[in-house]
Amino acid sequence: MALAELGLGPLGDSLEELRWTFESGKTRSISWRKAQLQALLNFLRDNEEQILEAIHEDVGKHRVEAFRDEVGVLIKSLTHNLDCLEKWVAPKKTKLPLAFFPATAELLPEPLGLVIIFSSWNFPMSLALEPLIGAISAGNTAVIKPSEISPTCSSFLATVIPRYLDNKAIKVIEGGAAIAAQLLEEKWDKIFFTGSPRVGRIVMSAAAKHLTPVTLELGGKCPVVLDTRFSSSEMEVVVKRIAWGKWGLCNGQSCIGVDYVLVEEKSAFTLIGLLKKAINKFYGKNTKECNDYVRIINEHHFERLHKLIRDPEVANSIVHGGSVDKEKLFIEPTILLNPPLESEIMTEEIFGPFLPIITLKNIQQSAGFIKSRPKPLALYVFTKDETLKKLMISQTSSGSITFNDVAFQFLSDSLPFGGVGQSGMGRYHGKFSFDEFTHEKAVLRRTLLLDLEPRYPPWNDFKLKFIRLLYKYDYFGLLLLLLGLKR
Amino acid sequence: MDISLIHINIMPYHASSLPLVKLVNNGKVCAPRIRNLLGDREASITPKQTHPTSLRFSWRISSSFSSATESRPIMEDEMKKMERFDSDSAASLLKELRGTFASGKTKSYEWRVQQLKNMIKMIDDNERAIMEALQQDLAKPRFESFVSEISLTKAACNHALKELKHWMKPEKAKTAITTFPSSAEIVSEPFGIVLIISAWNYPFLLSLDPVVGAIAAGNSVVLKPSEISPATSSLLAKLLEDYLDSSAVRVVEGAVAETTALLEQKWDKILYTGNGKVGRIVMAAAAKHLTPVILELGGKSPVVVDSNVNLKVSARRIAAGKWGCNNGQACIAPDYIITTKAYAPTLIDGLKNILEEFFGKDPLESKDLSRIVNSNHFSRLAKLLDEDKVSGKIVHGGQRDETRLMIAPTILLDVPEDSLIMNEEIFGPLLPIITVDKVEDSFDIIKSRSKPLAAYLFTSSKKLEKEFVENISAGGMLINDTVVHLTNPSLPFGGVGESGIGSYHGKFSFDAFSHKKAVLYRSLYGDAPVRYPPYTPGKLRILRAILDGSIIGAILALIGFGKKKLE
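Protein sequences, first through last, are from chains A and B. full-length UniProt numbering puts the first residue of the first sequence at 1, with every later residue one more than the last. full-length UniProt numbering puts the first residue of the second sequence at 1, with every later residue one more than the last.
Watch out, some of these pointers could steer you wrong.
[What the hints assert, rightly or not] Here are the simulated distance ranges between beta carbons:
no.: 1; chain 1: A; residue 1: Glu-49; chain 2: B; residue 2: Ile-445; range: 48 to 56 angstroms
no.: 2; chain 1: B; residue 1: His-166; chain 2: A; residue 2: Gly-273; range: 21 to 29 angstroms
no.: 3; chain 1: B; residue 1: Pro-345; chain 2: A; residue 2: Phe-476; range: 40 to 48 angstroms
no.: 4; chain 1: A; residue 1: Pro-91; chain 2: B; residue 2: Ile-445; range: 44 to 52 angstroms
no.: 5; chain 1: B; residue 1: Thr-403; chain 2: A; residue 2: Pro-91; range: 49 to 57 angstroms
[As the list claims (entries may be wrong)] Listed below are the simulated DSS-like cross-link pairs for lysine-lysine, each with C-alpha atoms no more than 25 angstroms apart in a straight line:
no.: 6; chain 1: A; residue 1: Lys-95; chain 2: B; residue 2: Lys-266
no.: 7; chain 1: B; residue 1: Lys-165; chain 2: A; residue 2: Lys-95
no.: 8; chain 1: B; residue 1: Lys-174; chain 2: A; residue 2: Lys-431
no.: 9; chain 1: B; residue 1: Lys-266; chain 2: A; residue 2: Lys-92
no.: 10; chain 1: A; residue 1: Lys-431; chain 2: B; residue 2: Lys-162
no.: 11; chain 1: B; residue 1: Lys-165; chain 2: A; residue 2: Lys-390
no.: 12; chain 1: B; residue 1: Lys-516; chain 2: A; residue 2: Lys-384
no.: 13; chain 1: B; residue 1: Lys-169; chain 2: A; residue 2: Lys-431
no.: 14; chain 1: A; residue 1: Lys-87; chain 2: B; residue 2: Lys-507
no.: 15; chain 1: B; residue 1: Lys-466; chain 2: A; residue 2: Lys-92
no.: 16; chain 1: A; residue 1: Lys-76; chain 2: B; residue 2: Lys-266
no.: 17; chain 1: B; residue 1: Lys-312; chain 2: A; residue 2: Lys-187
no.: 18; chain 1: B; residue 1: Lys-516; chain 2: A; residue 2: Lys-390
no.: 19; chain 1: B; residue 1: Lys-516; chain 2: A; residue 2: Lys-76
no.: 20; chain 1: A; residue 1: Lys-209; chain 2: B; residue 2: Lys-277
no.: 21; chain 1: A; residue 1: Lys-389; chain 2: B; residue 2: Lys-105
no.: 22; chain 1: B; residue 1: Lys-462; chain 2: A; residue 2: Lys-95
no.: 23; chain 1: A; residue 1: Lys-465; chain 2: B; residue 2: Lys-172
no.: 24; chain 1: B; residue 1: Lys-162; chain 2: A; residue 2: Lys-472
no.: 25; chain 1: B; residue 1: Lys-105; chain 2: B; residue 2: Lys-169
no.: 26; chain 1: B; residue 1: Lys-507; chain 2: A; residue 2: Lys-472
no.: 27; chain 1: B; residue 1: Lys-174; chain 2: A; residue 2: Lys-93
no.: 28; chain 1: B; residue 1: Lys-121; chain 2: A; residue 2: Lys-92
no.: 29; chain 1: A; residue 1: Lys-93; chain 2: B; residue 2: Lys-288
no.: 30; chain 1: B; residue 1: Lys-172; chain 2: A; residue 2: Lys-95
no.: 31; chain 1: A; residue 1: Lys-76; chain 2: A; residue 2: Lys-328
no.: 32; chain 1: A; residue 1: Lys-389; chain 2: B; residue 2: Lys-462
no.: 33; chain 1: A; residue 1: Lys-93; chain 2: B; residue 2: Lys-121
no.: 34; chain 1: B; residue 1: Lys-169; chain 2: A; residue 2: Lys-389
no.: 35; chain 1: B; residue 1: Lys-169; chain 2: B; residue 2: Lys-341
no.: 36; chain 1: A; residue 1: Lys-463; chain 2: B; residue 2: Lys-174
no.: 37; chain 1: B; residue 1: Lys-169; chain 2: A; residue 2: Lys-93
no.: 38; chain 1: B; residue 1: Lys-107; chain 2: A; residue 2: Lys-371
no.: 39; chain 1: B; residue 1: Lys-105; chain 2: A; residue 2: Lys-390
no.: 40; chain 1: A; residue 1: Lys-87; chain 2: B; residue 2: Lys-466
None of these hints come from the bench; they were simulated from the model. For each residue, glycine too, the CB sits at the ideal point set by N, CA and C.
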């Protein structure tokens, strides 16, 4: 249902209904949350075929890839949340200094209220539903605004989700920029956005008007640092993982995909040779005809990408691939060696199948290279050298660092997923999703039985001494003071 | 060094009548110990350090000093530049701090510990000066200054010192079958350069408490104290310069213009304490640079009083939270009371008795009561009190003295819900009491308003307590007391909704100023072909099992026994 046709009224009514549902307290009960998570699980299981189909329709992802990165990941998260929910919602007791005696303190997780999730087109199911799992687990009511760039998935969510989830608490609202702008005018209790830094700024500015906290999942140029001191069989695994991290994750159109590789000069040609071999192994000789190879999402992005390699200096740096077919929105896996650092391909997030290789004299220089650029969402370091590992952790800043693999941090429920600086703010996955949609209310309980006189005015020196000792937790001194034995 | 090289420019300060000095050494601005200048102009002046960048320093200084100093004429354009800390000065300040941060100096455990220790020494050495500044700004009683500003700041330093090693340790994270074989941890790393904009009501605590967190987390810091408490602001500027590493920790004094110049810059985190109006401006400015923010705002913090309580203790705790904390000018002070119609007279009597015990018969003469911060706030509060439908509702107090900016503790009964006093944060010594038939009716009143920073309940009923905790949303909640939850480092301090974003105190401060970096270590062994193209039905079968968390299923699929429906 396109809201553009309906105007403001129905949108207002929908939100009113969601707020009312939240006020009723229904979404706070654990049984409601569990039922919704279970329903979402059923939605995925019942509709797996159609979902894989819809993703294929929009993004051209092979069903195995779509299952791995979308349906499968969501099932994993749902199972995890269903297992852990009761533990997460329980209040956490905290320690209190003796001076507070008698009292108890706890942190009570409470839902924020009505939240909105803006998802993106490259993982049209998982980026819409993974945050929703967190929002439901935390007991919120939610609106999902799926990306209009993946229309099949968007309308699929809008039609099928209401059949499974509580329609009074969770709604899918479809639309493009106009609807998004209209939604941003509203007062939300949390905005969760996945997309580009440019739109991220717009979202946060809009949120500021209502003091709404935001989670921004943005992107950035995720580098691979390759220290080639590996055996040749290890190198093969390494390069396979890099190639997979570039072309095997929605063909580079992924926020945690590999953007470029840093390697020592002397190893560049070995690397290029191995990359070609991996491409061949994955997709065969003719990538254009290969079903496992994802196409570019739309004409706009195709043009954007094509422009990157039309820069003559960049074009000169191509060492493999480079062919395109606008009709089929196809761009070949393309490797570039040392394109100019000031060219757009090295200043903008690529988000497509180009892999620039930048050579350094020695691999230690990579920390400085990364530090001089905006903080990436992910950093991938292939090395066996513990010193280099330590150096990369302490010297560079990024949303996450993964050693000897690509993108696997995304699968771990025990690791926070999110950016820093230009790559975003806030984090989610597993318990972190729950926390992101929760306010931890500090609750301190005291009794009226015991009351310390020196807390209160009128002030005198005795009271000052008393408080001084109390803040030091000097209970012996306090005793002496009370007995009149301390000056 | 040759003293004749030092030129001192005197010019009017834009925000007050006090003159400013600028010290120029051979064309370079330098930062000598201003204390020496103030104490004895004959003393040799040694610059602590010179700043090769174009950074300008400004100090407020006593006017008696001006006549006797060697000063050179001030160029008009220079005068204009000096008048305020502008975008250029902010940009060069940031550049310098970025340099320090990039050097990695602030990340070391030793540096953090040293700064925290220096801060404790700074507080110990200057206890009297701090109390005097607070006395000057707010007429804050010494005792109150000690309890709620000096001690709490010191406690925050001590707590951080004690726990820092533990906080900095990477946190091990569990890994699942999906990423097997691997190990994972979460590493806390500093954001970079953080900006802290603090408030005037607790000008010392609200400035330094966040600085403690920022330093503990290994950041560079710029502190902008409130211009509404000028004595504390300039004291902080002087003390931090003297005691802390000024290549990483700086104070910028000033008002709106200076704050605007600061907010134009790209920070890695901003913590603002103040009101929602400015909070919105801060967050909108932060959005331009995608800077995360912590907003510590206020709101109308309600106190619900049940009729079954120990009157004396309850009244005392309410009075201490309202009038004993900067005379109501605290973000977590009780704003209004809700109690039953039947109990209200008893409660009012109880409060009156306590007030006399605390502040004597004539509270305007009490040394134990803070004054109103300035005439703006005085007239704001007077306006709340003078509103037609409100002025007749005063049941206690109401005396004021505009010349001394004093307002007596004032209790009002049954003010209308649509009055000004019930629709903005009071932030002063006025305490309206709203009455309801049943104490449970208070919930709807609280829920119909924006979420407060704190909510208080006095009761001996466990049932009411449970309902209150479950139904009311607030930054923090305290049962049978007021305000003291703030002093507990194991509880996060911060708001929700209109009362703010993010929290701090204790470990929460450290976390607030740390980016939690996910670190995953994978091995190159056990590289499953299942993840790579070309994609086959068999691969789907294995993935399904792995993502379902079923080891057996995965093994079965690997050896070809998977039973689930597939393609």
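Going down the list of hints, with the structure as the test:
no.: 1; hint: A:Glu-49 - B:Ile-445: 48 to 56 angstroms; in the structure: holds, 53 angstroms
no.: 2; hint: B:His-166 - A:Gly-273: 21 to 29 angstroms; in the structure: violated, 48 angstroms
no.: 3; hint: B:Pro-345 - A:Phe-476: 40 to 48 angstroms; in the structure: holds, 45 angstroms
no.: 4; hint: A:Pro-91 - B:Ile-445: 44 to 52 angstroms; in the structure: violated, 25 angstroms
no.: 5; hint: B:Thr-403 - A:Pro-91: 49 to 57 angstroms; in the structure: holds, 51 angstroms
no.: 6; hint: A:Lys-95 - B:Lys-266; in the structure: violated, 38 angstroms
no.: 7; hint: B:Lys-165 - A:Lys-95; in the structure: holds, 19 angstroms
no.: 8; hint: B:Lys-174 - A:Lys-431; in the structure: holds, 12 angstroms
no.: 9; hint: B:Lys-266 - A:Lys-92; in the structure: violated, 36 angstroms
no.: 10; hint: A:Lys-431 - B:Lys-162; in the structure: violated, 28 angstroms
no.: 11; hint: B:Lys-165 - A:Lys-390; in the structure: holds, 18 angstroms
no.: 12; hint: B:Lys-516 - A:Lys-384; in the structure: holds, 24 angstroms
no.: 13; hint: B:Lys-169 - A:Lys-431; in the structure: holds, 20 angstroms
no.: 14; hint: A:Lys-87 - B:Lys-507; in the structure: holds, 22 angstroms
no.: 15; hint: B:Lys-466 - A:Lys-92; in the structure: holds, 16 angstroms
no.: 16; hint: A:Lys-76 - B:Lys-266; in the structure: violated, 39 angstroms
no.: 17; hint: B:Lys-312 - A:Lys-187; in the structure: violated, 43 angstroms
no.: 18; hint: B:Lys-516 - A:Lys-390; in the structure: holds, 16 angstroms
no.: 19; hint: B:Lys-516 - A:Lys-76; in the structure: holds, 23 angstroms
no.: 20; hint: A:Lys-209 - B:Lys-277; in the structure: holds, 9 angstroms
no.: 21; hint: A:Lys-389 - B:Lys-105; in the structure: holds, 20 angstroms
no.: 22; hint: B:Lys-462 - A:Lys-95; in the structure: holds, 21 angstroms
no.: 23; hint: A:Lys-465 - B:Lys-172; in the structure: violated, 43 angstroms
no.: 24; hint: B:Lys-162 - A:Lys-472; in the structure: holds, 13 angstroms
no.: 25; hint: B:Lys-105 - B:Lys-169; in the structure: holds, 18 angstroms
no.: 26; hint: B:Lys-507 - A:Lys-472; in the structure: holds, 19 angstroms
no.: 27; hint: B:Lys-174 - A:Lys-93; in the structure: holds, 23 angstroms
no.: 28; hint: B:Lys-121 - A:Lys-92; in the structure: violated, 35 angstroms
no.: 29; hint: A:Lys-93 - B:Lys-288; in the structure: violated, 39 angstroms
no.: 30; hint: B:Lys-172 - A:Lys-95; in the structure: holds, 22 angstroms
no.: 31; hint: A:Lys-76 - A:Lys-328; in the structure: violated, 34 angstroms
no.: 32; hint: A:Lys-389 - B:Lys-462; in the structure: violated, 54 angstroms
no.: 33; hint: A:Lys-93 - B:Lys-121; in the structure: violated, 34 angstroms
no.: 34; hint: B:Lys-169 - A:Lys-389; in the structure: holds, 16 angstroms
no.: 35; hint: B:Lys-169 - B:Lys-341; in the structure: violated, 55 angstroms
no.: 36; hint: A:Lys-463 - B:Lys-174; in the structure: violated, 49 angstroms
no.: 37; hint: B:Lys-169 - A:Lys-93; in the structure: holds, 22 angstroms
no.: 38; hint: B:Lys-107 - A:Lys-371; in the structure: holds, 15 angstroms
no.: 39; hint: B:Lys-105 - A:Lys-390; in the structure: holds, 17 angstroms
no.: 40; hint: A:Lys-87 - B:Lys-466; in the structure: holds, 20 angstroms
Figure legend: structure checked against the earlier numbered hints; hints not met, in rising order: 2, 4, 6, 9, 10, 16, 17, 23, 28, 29, 31, 32, 33, 35, 36.
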